[in-house]
Amino acid sequence: MRLTFPNGEHAAVLVEHGQVGVGSAPGGGTSVAVPGLAPLHAVFASGRRGYWLTVPAGARVVLNARPVQRLAWLRPGDLVCLDTVQIRIESDTPPPAPGMARGPLQASPLRQGLRGLNGNWFGHCRPLSGGPLLLGSGSACDLRFDAPGVLDRHAVLEPIEGGGWLLRRLAGTGLLRVNGHALSEVELSAGDQIELGEQRLLLESPGLPPPARSERAAPPPSSSEPEAEPVPVPRDLGGIYLLIAAAAALAAALTAFFVYAPRG
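Numbering (our numbering) for the sequence shown: 1 to 264.
Fair warning: there could be bad hints in the mix.
[As the list claims (entries may be wrong)] For each label pair, taking beta carbons as the anchor points, the in silico distance ranges come out as:
1. Asp-142 - Thr-93: 28 to 34 angstroms
2. Asp-142 - Leu-14: 36 to 42 angstroms
3. Arg-144 - Ala-33: 39 to 45 angstroms
Since the hints were made in silico from the structure, they are not lab data.
Even for Gly, the Cβ is constructed at its ideal location relative to N, Cα and C.
Build out the structure end to end from the sequences listed, making use of the hints.
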């Protein structure tokens, strides 16, 4: 998971297995310091079960325009707001270019659809069939969105051979992101999060897990996208401390037995 700051408050941060605290005061669980936040404003974590966000009591955190009270699961493409500081969640590497397999080919699922994650589309799912499908805010579009930043003819979904969809940006100035990465054309897979302007969508394929992405080196960072800096990840030392405490208690008990036990 990669944390990027669209407004430049901090360099991009790579979160590997473990957790990273974001706040205004270094130390005390905060490893990424950003002025203007609570001392520890939020904790981003990555593990075998995925990505998640924990929020201390009283901290103001919004995920995709919805407030978070304690805990929220994250996916690449999410936008997290810590007060006025925006943090975009990106996948470790961009989706592969069209024609580059993400993994073993899979049969086309019986159903595929786009589910809205915000705005008027929130909670609604539109089944995908036929095609090509025009996406935008215009009246001639097959899928219409009224969110800010969505252009009249923003993008097109084109079916590809063997199942699946190719998403292609039409308007030169329109924003298109997949899993947090700005792209002009991408072959979609189940679980991908799409951004058209401020509209967020999730490609769903019930019964089909997201395919494993192919193991390949990440492209070199461009001048406009600096390389993410890894941060130290705190380890869980609770087990070690318990073992030390148990050993100390056992040593004290043995000492008391041999010193104070009655002698025959």
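Taking the hints in turn, this is what the structure says about them:
Checked against the hint of 28 to 34 angstroms, the pair Asp-142 and Thr-93 passes, with Cβ atoms roughly 31 angstroms apart. The hinted window of 36 to 42 angstroms between Asp-142 and Leu-14 holds, with their beta carbons roughly 38 angstroms apart. The beta-carbon spacing between Arg-144 and Ala-33, approximately 43 angstroms, falls within the hinted interval of 39 to 45 angstroms.
Violated hints: none; the structure is consistent with every hint.
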